[in-house]
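Enquirer: Each chain is listed here by its residues.
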Amino acid sequence: MSAATVTPETRPAGDDARIPLRGHLRHTGALVRRNLLWIRQDPESMADALLMPVIFTLLFVFVFGGSIGQALGGGQDQYVQYVIPGMIAMMSMTLSQGVGTGFSQDFNSGVMDRFRSLPIGRGSVLFAKISVELLRMLFATAVLMVVAVLVGFEIHHWPGLFAAVALSTVFASSIMWVFLTLGVVMKSAQSVQAMGFLVLFPLQFGSSIFAPTTSMPGWLQAFTDYNPLSTLADAARGLMVGGPVAHDLWVTLGWSALITAVMAPVAIHKFRTKT
Amino acid sequence: MTRNDNTPGGASGAVSVRGMVKHYGETKALDGVDLEVREGTVMGVLGPNGAGKTTLVRILSTLLAPDAGQAVVAGYDVVRQPRQLRRVIGLTGQYASVDEKLPGWENLYLIGRLLDLPRKEARRRADELLERFSLTEAAKRPASTYSGGMRRRLDLAASMIGRPAVLFLDEPTTGLDPRTRNEVWDEVKAMVGDGVTVLLTTQYMEEAEQLASELTVVDRGKVIAGGGIDELKAKVGGRTLRIRPADALELGPLAGYLDDLGITGLASTTVDAEAGTLLVPVLSDEQLTAIVGAVTARGVTLASITTELPSLDEVFLSLTGHRASAPQDTVPADDREEVAV
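Each protein sequence line maps, in turn, to chains S and P. Take 1 as the starting number for the first sequence in my numbering and just add one per residue. Take 1 as the starting number for the second sequence in my numbering and just add one per residue.
Mixed in with the good hints there might be a few duds.
[Unchecked claim] Here are some chain P residues the structure puts well away from chain S; computed CB gaps all over 12 Å: (1) Lys28; (2) Pro48; (3) Ser147; (4) Trp185; (5) Gly252; (6) Thr307.
[To be verified] Once the Cα atoms are required to be at most 27 Å apart in a straight line, the calculated BS3-like pairs of lysine-lysine come out as: (7) P:Lys233 / P:Lys189; (8) P:Lys140 / S:Lys274; (9) S:Lys270 / P:Lys28; (10) P:Lys140 / P:Lys120; (11) S:Lys187 / P:Lys222; (12) S:Lys270 / S:Lys187; (13) S:Lys274 / P:Lys28; (14) P:Lys222 / P:Lys28.
[Said to hold, decoys possible] Covered stretches of chain P (in silico footprint by chain S; criterion: 3 or more residues with CB under 8 Å from a CB of chain S, positions within the stretch not fixed): (15) 80–92; (16) 270–283.
If you are wondering where the hints come from, they were derived from the structure by calculation, not from laboratory data. Backbone N, C-alpha and C fix where the C-beta goes; we use that ideal spot for every residue, glycine too.
I would like the entire structure built from these sequences, with the hints used as guidance.
Expert: This is the structure in structure tokens:
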């Protein structure tokens, strides 16, 4: 048939192809609202952000607090001052995981197809998800600080506390790109969680979050020294309780920048090409 | 109408597909598909599971990139102009793609905002569409509490928010019970009345007949037939008249009698001894009347008489000579599996 060889007429490329910044903000805002409504419909989804800081703080302070505190040259009170800044680092990592699990649910339900057939930037969906998870993380941090004060943590220096929270937010937003990528690539929410767990555990315990690294074997110390969770915990400690900050601060920021620079493009690419 | 405002040159709510190819490894999901949908009409794409229908819809709605070929939807190229294209289409997937955790109203408001409607307009549009799809009472309930039909209606409403020029409906009634299916059909008919161009995929001849004016039959990634519904129905033998004489002994003689009269459709009359019925192919209402008249004239007492549309299986059998791998899920009552050809 001759018709088959004729190229169908198309319209000229209009100037409506690009989405202005305001458009991106509007789309991201609408999607943030969606994710916040999820929490309102299903308040139980906040249980982890509420309970994790409570349970972990109580466990570590009352189970390990005495003996590690003794090793630190004090007692449980000393350990509280040590572990709370570490817990801030831990929250940033553990709660970042949620970003990946929520995502694979979206893909499986077909909602993502609808979003991707709409004239919105692909990044909006990802940024909205990250924003809401950061809010969840900040909520968990607030809960943590309340518990911390109840078990005897002394806030000497408010600006230091805020700086520590800001630093852990920066780190969390970088690590979320990793979990987002997992959420896009992996088939089910469960496998995202299982995979996340495998990454999380060695990083959390092979760090200075819960105990000083000085008594660890040399090879492990080499790992913990550059484990971003160690440097984040140490920087938070320096900012909140006092002590050297600069080195740990720069290493943490360096890690955050590196992880974001590598994983954000990967996540957006995987998201764009996911079928 | 709004859509005329943004369609310079009248190029359309139409869909034009040329030589579309999509392979998944060895599997040829689409193997050179050509398709034309005229503006304001409903094109039914009929085929069994795995024929490539969903792949076609996903490519046309920019969710999937083709390996080769070209497609233009409402004047925009699916590969080169995806952003403009997304502004003028609506999509309702095979599996209802609403956010189950959100209330119905919030689902529609969200889509409105993502389509750049101002807040007030998005609110108004959400109210309006909930009303139109009879979901106002369920507006505040999460979609997870909706019945299958309500969810499908919400999905249709969501795809209408942006007043699309072209609407893709991917198996809109698969998995619905017959009553709910009729509801969805009515909604689709109303949308077509508004002048939307629709491309609809289905496994059911009956659905295609109800909604589409033209039909494209696909099998294993290829178009095997196309044309107007009536044209195709004639090609595949039209309807089947199922006659059950009160006395089963009448079956044989009656079949011979009808064939001798030469008033039946393309194929000859067959006897379904097990069911105690005669299957008579008919092409027109006149033929049907003539056959009933002839049976009455012969003085045969009838226990029942029904007409059936050809099932997808029968359509395939007559078009390709082989059977479609018949879908196992809910088959509408009228599309029974018995072979009449």
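Enquirer: Should the label of Pro48 (chain P) as a non-interface residue stand, given a Cβ cut-off of 12 Å to chain S?
Expert: holds (21 Å)
Enquirer: When you check the alpha-carbon spacing of Lys270 (chain S) and Lys28 (chain P), does it fall within 27 Å?
Expert: holds (23 Å)
Enquirer: Given the proposed pairing of Lys233 (chain P) with Lys189 (chain P), does the C-alpha separation stay at or below 27 Å?
Expert: holds (21 Å)
Enquirer: Is the coverage entry for the region 80–92 of chain P by chain S consistent with the three-residue Cβ rule at 8 Å?
Expert: holds (count 8)
Enquirer: Would you mind confirming whether the straight-line C-alpha gap from Lys187 (chain S) to Lys222 (chain P) stays at or under 27 Å?
Expert: The hint is violated at about 30 Å.
Enquirer: Please verify that the nearest CB of chain S lies beyond 12 Å from Gly252 (chain P)'s CB.
Expert: Holds, since 47 Å exceeds 12 Å.
Enquirer: Mind verifying the non-interface call on Lys28 (chain P)? Its CB should be farther than 12 Å from each CB in chain S.
Expert: The assertion about Lys28 (chain P) holds, with a minimum of 16 Å to chain S.
Enquirer: Taking the closest pair, is the beta carbon of Trp185 (chain P) still more than 12 Å from chain S?
Expert: Its Cβ never comes within 12 Å of chain S, the nearest being 22 Å, so this holds.
Enquirer: Regarding the pair Lys140 (chain P) and Lys120 (chain P), is the alpha-carbon distance no greater than 27 Å?
Expert: holds (18 Å)
Enquirer: For the pair supplied as a hint, Lys222 (chain P) and Lys28 (chain P), is the alpha-carbon distance within the 27 Å limit?
Expert: holds (9 Å)
Enquirer: Would you check the hint for Lys274 (chain S) and Lys28 (chain P), treating anything up to 27 Å between C-alpha atoms as holding?
Expert: With Cα atoms ~19 Å apart, Lys274 (chain S) and Lys28 (chain P) stay inside 27 Å; holds.
Enquirer: Does Lys270 (chain S) pair with Lys187 (chain S) here, judged by a C-alpha cut-off of 27 Å?
Expert: holds (13 Å)
When the structure is compared with the earlier hints, violations turn up for hints 8, 11, 16 and for no others.
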